[in-house]
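A.B. asks: For reference, the chains in residue letters:
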Amino acid sequence: MNQSIVEDIVSHFGEKVFEFEEPFGLLTFTTHAENLIEIVSYLKDHPTFKFTFLTDVTGIHLPDNTGKEFCSVCHLHSWENRVRLRIKVFVPTSAPIVPSLTPLFECANWLEREAFDFFGILYSGHPNLKRILNMDEMDYFPMRKEYPMEDATRNDKIDAMFGR
Amino acid sequence: MEETTKLAPNNTADALALNVPIVSDTDQSILNLGPTHPATHGIFQNILTMEGEKIMDSEQTVGYIHRAFEKIAERRPFYQITTLTDRMNYCSSPINNFGWHMTVEKLLQITVPKRAEYIRVIMMELARIADHLVCNSILGVDTGAYSAFLYVFQEREKIYEIYEEMCGARLTTNMGRIGGMERDLSPTAFKKIKDLIYNTLPKVMKEFETLFDRNRIFRDRTVNVGPITGKRAMEYGFTGPNLRAAGIDYDMRVIEPYSSYEDFDFEVPVGHNGDTFDRYMVRNAEIWESMKIIRQAMENLPEGPYYANEDHYYLPPKKDVYNNMEALIYHFKIVMGEIDAPVGEVYHAVEGGNGELGFYLISDGGRAPFRLHFRRPSFIYYQAFGEMIKGLTISDAVPILSSLNVIAGELDA
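Just so you know, the sequences run in chain order A and B. Numbering of the first sequence is given in the numbering used here, commencing with residue 13 and proceeding in unit increments. Numbering of the second sequence is given in the numbering used here, commencing with residue 0 and proceeding in unit increments.
Calculated directly from the structure, the hints in this document are not laboratory data. The reader is advised that the hints may include incorrect statements.
List time: in silico BS3-like cross-link candidates among lysine-lysine, alpha-carbon distance up to 25 Å [unchecked claim]:
hint, chain 1, residue 1, chain 2, residue 2
1, A, Lys-100, B, Lys-105
2, A, Lys-142, B, Lys-389
3, A, Lys-157, B, Lys-389
4, A, Lys-100, B, Lys-70
5, B, Lys-193, B, Lys-70
6, B, Lys-230, A, Lys-56
7, A, Lys-80, A, Lys-62
8, A, Lys-62, B, Lys-291
9, B, Lys-70, A, Lys-142
10, B, Lys-105, A, Lys-80
Computed from a prediction, not measured in an experiment: that's the story for all the values here.
Just chain A, same shape as in the assembly (with noise of 0.2 Å):
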C-alpha cells in the first residue's frame, strides 16, 4: 500500500513532495508549506486511499536545523485501508506559517492552537489561533528548545558527573 501511495502521490505532485522514509511502517514525507492544503485535500478526496481522518497535528522544534527550524507534523489515517501517513512541513523561525488543515478538519482547529501555543508556530487561515493551555498572558513558547527544564546553575546533573 505504502509503495502506490508514493507512486501516485510522486506522479502527481512531482518535486512537490520529498524525502520519503518509512519509519516503522509509518509512510513519511516532506512538502512545502505553500503546497500543504493541495496535497491534504487530494489525499482525503482521493478514491482509492481515503485518508480521512485527521489523527494528530503537533509541533518539533529543531535548533540545529538553520533556515527549517519548525516542523509542522500531520498523521493522516485511512480507516478503510488501515494506513497511516505522516506529512511534516518545515518552517524558518523568520517566519513560521504554515496553512491551517481547519477548512479540511475541524479537529485540527485546537491541536493547531497546541502547537502555536507551544512552538509558536503560526497556522495562517486558522480561525481562532489563540493560545489553549499556557494562560494568555505568557509571552514565550514554553516547548522551544532554548528554554531548559531545569535550572541552568544547578550543576549536581551535569553530565560530567555520570562520565558522559
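On the provided structure of chain A, position chain B as indicated by the hints.
C.D. replies: Here is chain B on its own, set in the frame of chain A:
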C-alpha cells in the same frame, strides 16, 4: 522571534471582551459553567451565553491543570515517563502505562512474551471496565440517580484491589515495565479477577442496566439529547465509545491489533444516532465485551516468562541485583538513565478508555525523548461540545458533558 510574539493575542480579558458580548439589546446573559463546578467533573470552564433557559453560544476554556508533561518528558529517562502517562486518564491508568511501554518497545524492537501480553490485556480490560463504570454511573448521578453510582463503585473498588495486587498502587498505577510486567499474576490477583468476572460484576451490571435502560426519567433525560452524526463526529476527531455511539465501528483493538488482541473473540458495539443514551448503551455493551475478553485471556493464559529477556532495558529482579555483578550494573545503568535509546520516530496508538490514545515519540539517540507528543482523545473531541449544546438547556448540557467522559487530566496533559 519578535515578529511571532507580536502576532500572539495579548490577554484573555481582551479576547473575551471581543468574542462575548456582555451587554446586548436582547435578553442575553453570561453564565460560567465551571471552572470548579460539581457537574463538570473536572476543572474546565464553559462560558455560556444564555437567552433565558437556552444556551445560544458557548466558549470552552481548558488548561487549568496543565502540567507540561511533554516538556518534562524531554528530560526524563524512558522508564520515568510512565508515571507521567498514568496522570492523564486517571480513570484507566494501566491503559496509559501499557500504551507508553508498547511505544518504547516498538522503538527498541523488543518482542514481549505472550504471557506478559495476556496479562496486559487483562489489566487493560479491567481498566476499561472501571473507566466505563465511572462514566456511566456519573451520568446517572447527573440525571438524579445516586444509588446506582454507589452500587457500581463497590465493583470499581474490587478492580482497584486487583491493581494493588499487581503494582501496589490504586489510582496512578505505574504498572508494568518496558519489556513486560513488573510481577506475575499472583494467585490472589487471579482469584480476585475470577471472582469479579464470573460472580459479582455480571450481577451488578445486570442490576445496573435494570435500573437505567428502561427507566422513564433516565430515558427522558438522555434519548435524543446531544446527538452527533457519524460524519460530523469523524470531522471532529471523535474516537472510542463516543464515535462508536454515532455508528462507526472504529476500534484500535481491531483496526491495528496490539498486545495479542487478535487472539480474542469480541464484538465492537455500535450505536445508532450518537446521542447521550447511545453513548451510555455503547459503554455498557463494552463492559460486557471486556468481561468476555478477560474470560478468554484467563482461560488461555500461556505459561512462560512475564518479561522479555532484555537486560539493557528491563530492570533485573532484586535478588539478582544483590548477588550478581552484571545485574547490579544493569540495575544502576537503567535507574540512572544511562541507557541510550536508538534513533527513531514512532507513532503507536492504543484504544484508551475514551478512544485512540496515541504516543508520538521522536528519539535522537539520547536517554530521553527528543520530542514526545500525546494524542489525547478527550482533548480532541471536547471541541465538539460547543456545537452539541447549542440551543439546548443547561440541564441537557450536563448529561452531554458527562456522557462524553471528558477527563481533565487527559484534556490538559
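A.B. asks: What hints, given by number in increasing order, does this structure fail?
C.D. replies: 3, 5, 7, 8 and 10
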